[in-house]
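**Q** In order, the protein sequences belong to chains S and A.
With my numbering, letter number 63 in the first sequence gets 63, and the count goes up by one each step, no holes.
With my numbering, letter number 5 in the second sequence gets 5, and the count goes up by one each step, no holes.
In case anyone wonders, no lab produced these hints; they're calculated from the structure.
Check each hint, because a few of them may be wrong.
The list treats identical chains as one, so a pair stands whether inside a single copy or across any two.
Derived EDC-like pairs: lysine to aspartate or glutamate, alpha-carbon spacing no greater than 20 Å straight-line [as the list claims (entries may be wrong)]:
| # | residue 1 | residue 2 |
| --- | --- | --- |
| 1 | Lys2 | Asp15 |
| 2 | Lys40 | Asp15 |
| 3 | Lys10 | Asp26 |
| 4 | Lys10 | Glu72 |
| 5 | Lys10 | Glu59 |
| 6 | Lys2 | Glu35 |
| 7 | Lys19 | Glu52 |
| 8 | Lys19 | Glu51 |
| 9 | Lys10 | Glu51 |
| 10 | Lys19 | Glu45 |
| 11 | Lys10 | Asp73 |
| 12 | Lys2 | Asp26 |
| 13 | Lys10 | Glu52 |
| 14 | Lys40 | Asp73 |
| 15 | Lys40 | Glu52 |
| 16 | Lys40 | Glu77 |
There are 2 protein chains.
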Amino acid sequence: MKVRVNVMLKEGVLDPQGKAIGHALDVLGFHGLGEVRAGKLIEIEVPAQNEEAAVEQGEAMARELLANLVIEDFTVEVVS
Amino acid sequence: MKVRVNVMLKEGVLDPQGKAIGHALDVLGFHGLGEVRAGKLIEIEVPAQNEEAAVEQGEAMARELLANLVIEDFTVEVVS
Chain S
1 MKVRVNVMLK EGVLDPQGKA IGHALDVLGF HGLGEVRAGK LIEIEVPAQN EEAAVEQGEA
61 MARELLANLV IEDFTVEVVS
Chain A
1 MKVRVNVMLK EGVLDPQGKA IGHALDVLGF HGLGEVRAGK LIEIEVPAQN EEAAVEQGEA
61 MARELLANLV IEDFTVEVVS
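Let the hints inform the model, and build the full structure from the sequences given.
**A** Put into C-alpha cells, the structure is as follows:
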C-alpha cells in the first residue's frame, strides 16, 4: 500500500521558506494572501496488509526519520 | 480559505531525494519498502469566497511559481 506522510512546521515556529513564497506570490500579483507555510511530503510504498498497518508503519517512519518532532508535526494518510 | 498545493516530481523523473530517504529507512530497519518519492506541500490562506475560487487561485499560483511543470505535477485541495 502507498502512504503519504505530510510534514509541516509546528504552529508558531518561524517559517522563512513560507514567508519567501508568500512574498514572491505577492510580487507576481497574488495580493491579499494570508499565512503561507511550506512543508514536505513523502510517498512510500509499504509492505502492509491493511490500511491500519500501513498508517502505523508510516507513523513509525515519520517519528524515526522523516519529521523532526521538536519543530515539526506530521500526518499520515493512505493513498492507495 | 486555506488551500494546500502538493507538488511531486512526475512519474519517470529521477528522484534522488526519495531514493536517499528509502535507503535511510532501510538502514533504520524498515525493510521491503517499494518506491519512495519526496515532494513539497505549500499551505496558503487565499482571499476566496468559495471552494471553487480557492482551488482556481491555488492552481494559478502552482502554475506560475510553486511547481516546475517540466518535471513536476501538482494537485490543489481546500483544507478549510
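**Q** Hints first: check each against the structure and report whether it holds.
**A** The hints, checked one at a time:
1. Lys2 / Asp15: Result: close only across copies, 17 Å inter versus 29 Å intra.
2. Lys40 / Asp15: Answer is both: 13 Å inside a copy and 14 Å across each meet the 20 Å cutoff.
3. Lys10 / Asp26: So Lys10 and Asp26 fail the 20 Å test inside a copy (24 Å) and across (27 Å) alike.
4. Lys10 / Glu72: Within one copy only: 5 Å inside a chain, 26 Å across chains, cut-off 20 Å.
5. Lys10 / Glu59: within (17 Å within a copy, 25 Å between copies)
6. Lys2 / Glu35: between (30 Å within a copy, 9 Å between copies)
7. Lys19 / Glu52: neither (36 Å within a copy, 25 Å between copies)
8. Lys19 / Glu51: Answer is neither: 36 Å inside a copy and 24 Å across each miss the 20 Å cutoff.
9. Lys10 / Glu51: Neither: 26 Å inside a chain and 25 Å across chains, both beyond 20 Å.
10. Lys19 / Glu45: between (32 Å within a copy, 12 Å between copies)
11. Lys10 / Asp73: Classified as within; 6 Å inside a copy, 26 Å across copies.
12. Lys2 / Asp26: between (36 Å within a copy, 16 Å between copies)
13. Lys10 / Glu52: neither (25 Å within a copy, 28 Å between copies)
14. Lys40 / Asp73: Classified as both: same-chain Cα gap 11 Å, cross-chain 15 Å, threshold 20 Å.
15. Lys40 / Glu52: neither (22 Å within a copy, 25 Å between copies)
16. Lys40 / Glu77: both (14 Å within a copy, 16 Å between copies)
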